[in-house]
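Let chain A serve as the given structure and place chains B, C and D on it in line with the hints.
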Amino acid sequence: MVQVTLWGSLRDYTDGRNEVEVAGDNIYQILQNLGQAEPRLKPILEKGVTVSLDGQIYRQNLMQTVRPDSEVFILPKMAGG
Amino acid sequence: MTKTHVTTTINGDTVEYLCDPQETLLDVLRDRLGMTGSKEGCGTGDCGACTVTVDGEIVCSCLMLGAEAEGRTIGTIEGMAEGEMLHPLQRKFLDHAALQCGICTPGILVAARTLLERNPEPSETEVRYWLAGNLCRCTGYDKIVRAVMDAAEEMRGRNHAA
Amino acid sequence: MRYEAPTTLDDAVGLLAAEQGVAKVLAGGTDLLVAIRSGRLEPDLVVDLKRIEEMTTVTPEDGGFRVGAAVPSVRLGQHEGLVAMWPGVVEAAGLIGSTQVQSRATLAGNLCNASPAADSVPAMVAAGAKASIVGPNGRRDVPVEDVPAGPGKLSLEKGEIVASILLPGKPERTGDAYLRFIPRTEMDIAVVGVGAVVTLGTDGTIEAARIVLGAVGPRVVVADKAAQALVGTKGDKAAMEALSQAVSAACTPIDDKRGTREYRIQVAGTLAKRTVAIALERAKG
Amino acid sequence: MPLETDFPQGYEKRDFRVVGKRPVRPDGIDKVTGRARFGADTVAPGMLHGAILRSPHAHARIKSIDTAKAEALEGVKAVVTRDDFPIHDAVKEDRGLLDILVNCMAREKALYDGHAVAAVAATDKITARKALKLIEVEYEVLGHVIDEDLAMAPDAPILHDDLGYDYGKGKPSNVAGRTEIGHGDVDAGFAAADRVVERSFKTGAAHQGYIEPHACLANIGADGRGELWCCTQGHFMVRDTVTQLLGMDVSNLRVTASEIGGGFGGKTAVFIEPVAVALSRKAGKPVKIVMDRHEVFRATGPTASASLWVKVGAKADGTITAADALLKYQGGAFQGSPVDMGAMAAFACYNLENVRAVGYDIVTNRPKQAAYRAPGAPMAAFAVESVMTELADALGIDPIDFRLKNAARDHSKSSYGPTYNEIGLVETLEAAKATEHYNSPLGPNQGRGVACGFWFNFGGQTAVTLNVNLDGTAALSVGTPDIGGSRASMCAMAAEELGIDYDDIYAIIGDTASLGYNDVTDGSRATFASGLATIQAARQVKERMCARAARIWGIPEDAVKWEGGAAVPSGPNAGDHAPLSFRDIAKMAGETGGPIAGHHEISAEGAGPSFATHIVDAEIDRETGRIDVKRYTVVQDAGKAVHPAYVEGQFQGGAVQGIGWALNEEYIYSDKGVLENAGFLDYRVPVASDLPMIETVIVEKPNPGHPYGVRGVGETSIVPPMGAIANAVSAAAKVRATEIPMSPPRMLKLLRENESAAKAAE
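These protein sequences, in sequence, are chains A, B, C and D.
Quick note on numbering: UniProt numbering labels position 46 of the first sequence as 46, and the sequence is numbered without any gaps.
Quick note on numbering: UniProt numbering labels position 160 of the second sequence as 160, and the sequence is numbered without any gaps.
Quick note on numbering: UniProt numbering labels position 64 of the third sequence as 64, and the sequence is numbered without any gaps.
Quick note on numbering: UniProt numbering labels position 488 of the fourth sequence as 488, and the sequence is numbered without any gaps.
Bound-form chain A, shown alone (with noise of 0.2 Å):
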């Protein structure tokens, strides 16, 4: 099980919970294994999101490997200029 930390606005949609243990080997997994666990996200999250790994911003590299002491941060979907 992987710690993921989500933004601060979907504590709305978890209860008011804004860290949940989430299985998964690589972003996709954890972001579909959220998805089912916290059905209110799922919106959101298919909407777009970004992903924080161990520092590092994913925008769209999915496949990228999540170990168990990883940190995971759910950010909001960003775009540049």
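One or more hints might be untrue.
Lysine to aspartate or glutamate pairs mimicking EDC-like chemistry, simulated, CA-CA at most 20 Å apart [claimed, not checked]: (1) A:Lys-77 x D:Asp-147; (2) A:Lys-42 x D:Glu-180; (3) B:Lys-3 x C:Glu-42; (4) A:Lys-42 x D:Glu-93; (5) A:Lys-77 x D:Glu-739; (6) C:Lys-257 x D:Asp-147; (7) A:Lys-47 x D:Glu-753; (8) D:Lys-630 x D:Glu-601; (9) D:Lys-405 x D:Asp-393; (10) D:Lys-413 x A:Glu-19; (11) D:Lys-285 x B:Asp-31; (12) C:Lys-273 x D:Asp-147; (13) D:Lys-125 x C:Glu-207; (14) C:Lys-158 x C:Glu-42; (15) D:Lys-405 x D:Glu-422; (16) A:Lys-77 x D:Asp-393; (17) C:Lys-237 x D:Glu-623; (18) D:Lys-630 x C:Glu-186; (19) A:Lys-47 x D:Glu-74; (20) D:Lys-133 x C:Asp-44; (21) D:Lys-21 x B:Asp-95.
Computed from the model, here is a short list of chain D residues facing chain C with C-beta under 8 Å [stated by the list, open to error]: (22) Thr-419; (23) Glu-422; (24) Glu-623.
What the hints contain is simulated information worked out from the structure, not anything from laboratory work.
Just so it is clear, CB atoms sit at the ideal spot from N, CA and C, and this is done for glycine as well.
This is chains B, C and D only, laid out in the frame that chain A set:
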């Protein structure tokens, strides 16, 4: 629609064209003569991207009718290099990275050339005020000003040597 | 739209008088072409004045200079006699637009665009300039301040053209100046403009003054009370303060995208002091 | 010699041969001679000219559109309205796409002054403009709202019936979303503080202000296949968006990116492209649409305007105990203001135990905002950096020392959550403190300000091809449009890897049919991501060249290595062979197995954030409120400056855009909601005479996620200026400026109010 017949000189060549009386010189250059080096950034004389010379003075070609060019002598960016030989300003703009996107570059080069013809040793302030009608959104003008001053210095050296 | 470039003033007047639709005069074209391009103006006829000899020259007259309606600003700055006599007018004309626009923009065009914010107009009015108007009924001379009738409106009859502007000879010990306020250093329309002419007595006292304000009312404002505040003084601090207050009191500006009413009133007073200071220096020679 | 080319292997310290020098860019000659072809510079045989009719109302129901008279005008070949843009399935399922469609062509309502309502294609521009005047639109004018605070009021006119943060729970509203970022306990943090500063701020909407208006040329055949030429930051994005909006197969549209005359984020969206394609399809002829400047201001860009509140508390020794922010961003008529990124970036320069940033995304009757250089960050930084300096002043601590004390460092926890890798903020602060500028005296009525800035930087989907030519030169095809000289950096990196001359590589921007998908040039990613792919493609070329040498020599592939631009035998069993240079192998490519090329396709990640510290001296005219920027220094971490001249250019350009935003740029609306300054005359971007030279200091702290240590540099430079200038101006004016732009009327009012307050206090 009655068109106006115009005979003029552009970059040293005699050019004839028919234009609609409403068309600007910029429209004529770009749409009728295929000289797209002059750019339209605003159409109101506020950005300078369409700068050309008319009888030696710089003008915004968007603020002049094509019909007004009759008998005049026009200079555009396309006439700035002599064959393969770039004008010192063109070279210095490349050396100093004085352009990023490059859309304002033709207008700035034409304007700067006229400055250096009038004033071979302009101060930084003189360069900045002369070019105040040429907007550049990429560079913050720093490298443009440096390139113009460096070109002026090189041209002064060359003139002394000659 | 038809384009005509007559070579005589008579032909130009004839073309304008005969046109049934909307006819416009083209001098520098820096305002006209923008209006046509935006669709605000759809003229049927445009008459270009730049091929008419009289319109393109600066000639000495009665101790002053007659400036043709199609003489671009850049030429004024190159005219040594004019620069020496009326530097304020030349500097005002030199503020119209960019270097590129300077090659085209004219005093007469700046006047006939009838914008209350025109830079050269307060300077010309302060200098006592007259417009020479030619039309189907002949020629008449009027003070330049009487040419605009309001924003975008002229007092000209159909077929009439401003052919030239006469800047009169300058009295002795007289100096002029023009300053405007803009947010940037260049390329803006005046938020406030102040033209000033002062004449000194032999003892350095101000004998006569003219203070003219731009962009603070529907037309330029000739601020007589402000001028009176200077006359009889040497332009000391108290006189300047009185000038400033009289100028602010003469302003009737509007709020718009270029400045608030309150701001224009405040800055006009400040700008008047700065303008008069320059004019005084010039008057002292 | 197996090469791991799928993912970057991380930073490798090395001595550079080409990278770090300042060669002339490959597209340079074209750009100084007028030969370069931008969006409006191309034609097609039989081409028509398109023009767009726009709403004169800020908010109105469109009751009817009658195009009969326009269609009857001689020379008019096609007219399109909302009826020509049916909502296809792909659009129905995606609110973002639907918003783009509605923005490109209004449906039931016009949502802002300038919203497109119809378009024509005619044989020439004059006829097209005339035809627009013949289209009769019946509007029912509705109440409108322009300001973000007013749009949140309970009685505000509502733009969308199906939008609202609390939609589903209550009634619709103009608040499209709420975001919250942070950690710790801010209340406890403030309780522990010795000094607390809190303030409210406002920022105006600034336009990207690129000099090239949007332009495109669409040419769709009767078989439904076609081409589109346009100026854009991302032609693959244009292809995918346009085809989805119009129900076309993606493969039926080939998009070519022209040279692009500036973008700054504003060309990461489509506006006229779907309209040109629809007109071309309907007319059966090529259609060119070129916006005029007025349209650019009314109907594209700008970024969000914002209403902000920031509160920061610190101990007497300068240690920050808590930081809190409330950000309200209006992003125009559709949801999606960059408030999320504003909230994340707000406190990203600081190492904070207790931090919170709450943001609201608000819709108003303004054009749909588009990304603008570090979207969302500059306004938040303006407020935060203002408060940081005020707090430092209150504690009697030098503003750089105060920032150093609280700065985010290597491996500290960011304010938005994740742990930073190696970052260069402290290095920029230390370098700034050591500049001659920071230690120079000030003149009368002058003040000095500093501010820090942060931007995430992104990677993203990237594909490049590197083709080796028989004469030993190479052609590099990249898919990220070059806005500021990135092709020069790509050539330098390819030359560096291959060991050949910079001049032997020529880079172009490939079209959508010639390369794999590329994300837009955004997020400061081009030099990072396309550069990363270029390095990997070059490594693949080297690998293949080594294989060819092995074949020529008759030895195993792993007995050949690449060294000094040549294949050389390596190892005990390789034998003695004279090195084969890049040129030698290129010449023999046909005989040794055919053309040699390197490809790389990747979702690049690991861009690594970039930090900056800016110093500015400003002078105020106390009688007019006018501010003059006297001196300006940018200190920024570039990781590794591939082409230092263009890195400096990014620093300078961003700083000057920030100066414009800080001093004069803003959207000004009439009481009817009509944009009043839709032109360069009254939307006042800085001109050359407004500015001093912009001094630069490039800090190079290698990005661990890139083999050369490169970080994105394009966006960070616009983040600190407004805060830095506000701090300088506030010092000069002796009163805190809280609204930008700090235009002369606003500043004079502030000075006068402050004088009155001081007098009253006496």
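Comparing the hints with the structure gives:
For the hint linking Lys-77 (chain A) to Asp-147 (chain D), the alpha-carbon distance of about 25 Å lies beyond 20 Å, and the restraint is violated. Of the pairs offered as hints, the one joining Lys-42 (chain A) and Glu-180 (chain D) holds, with about 18 Å between alpha carbons and a cut-off of 20 Å not exceeded. Taking the CA atoms of Lys-3 (chain B) and Glu-42 (chain C), the gap is near 17 Å; set against the 20 Å cutoff, the hint holds. Between Lys-42 (chain A) and Glu-93 (chain D), the direct Cα distance comes to roughly 15 Å. Compliance with the 20 Å bound is thereby established for this hinted pair.
This hinted pair does not check out: Lys-77 (chain A) and Glu-739 (chain D) have alpha carbons roughly 29 Å apart, beyond 20 Å. For the hint pairing Lys-257 (chain C) with Asp-147 (chain D), the CA-to-CA distance comes to about 16 Å; that is within 20 Å, so the pair holds. In summary, the hint linking Lys-47 (chain A) to Glu-753 (chain D) is not supported, as the alpha carbons are separated by about 48 Å, beyond the 20 Å threshold. For the hint linking Lys-630 (chain D) to Glu-601 (chain D), the alpha-carbon distance of about 47 Å lies beyond 20 Å, and the restraint is violated.
A C-alpha spacing of about 14 Å is found between Lys-405 (chain D) and Asp-393 (chain D), which places the hinted pair at or below 20 Å, so the restraint holds. For a cut-off of 20 Å, the pair hint linking Lys-413 (chain D) to Glu-19 (chain A) stands: about 16 Å separates their Cα positions. Between Lys-285 (chain D) and Asp-31 (chain B) the CA atoms are separated by roughly 18 Å; this keeps the pair inside 20 Å, and the hint holds. As the CA atoms of Lys-273 (chain C) and Asp-147 (chain D) are separated by approximately 38 Å, the hinted pair breaks the 20 Å bound.
Pair hint Lys-125 (chain D) plus Glu-207 (chain C) does not hold up; C-alpha atoms about 60 Å apart against a cutoff of 20 Å. Distance hint between Lys-158 (chain C) and Glu-42 (chain C) is fulfilled; the C-alpha atoms sit about 17 Å from each other, no more than 20 Å. With a C-alpha separation of about 18 Å, the suggested pairing of Lys-405 (chain D) with Glu-422 (chain D) holds against the 20 Å cut-off. Our distance criterion of 20 Å between C-alpha atoms is broken by Lys-77 (chain A) and Asp-393 (chain D), whose separation comes to about 36 Å.
Of the pairs offered as hints, the one joining Lys-237 (chain C) and Glu-623 (chain D) holds, with about 16 Å between alpha carbons and a cut-off of 20 Å not exceeded. Pair hint Lys-630 (chain D) plus Glu-186 (chain C) holds up; C-alpha atoms about 16 Å apart against a cutoff of 20 Å. As the CA atoms of Lys-47 (chain A) and Glu-74 (chain D) are separated by approximately 47 Å, the hinted pair breaks the 20 Å bound. Restraint check: the Cα-Cα separation between Lys-133 (chain D) and Asp-44 (chain C) comes to about 17 Å, which is no more than 20 Å; the hinted pair holds.
Proposed proximity of Lys-21 (chain D) and Asp-95 (chain B) is supported: the alpha carbons are some 12 Å apart, at most 20 Å. Given the 8 Å rule on beta carbons, the hint for Thr-419 (chain D) is violated: about 45 Å separates it from the nearest Cβ of chain C. Among the interface hints, the one on Glu-422 (chain D) is violated; its C-beta lies about 41 Å from the nearest C-beta in chain C, farther than the 8 Å criterion. Hint on Glu-623 (chain D) holds. Least Cβ distance to chain C is approximately 4 Å, under the 8 Å limit.
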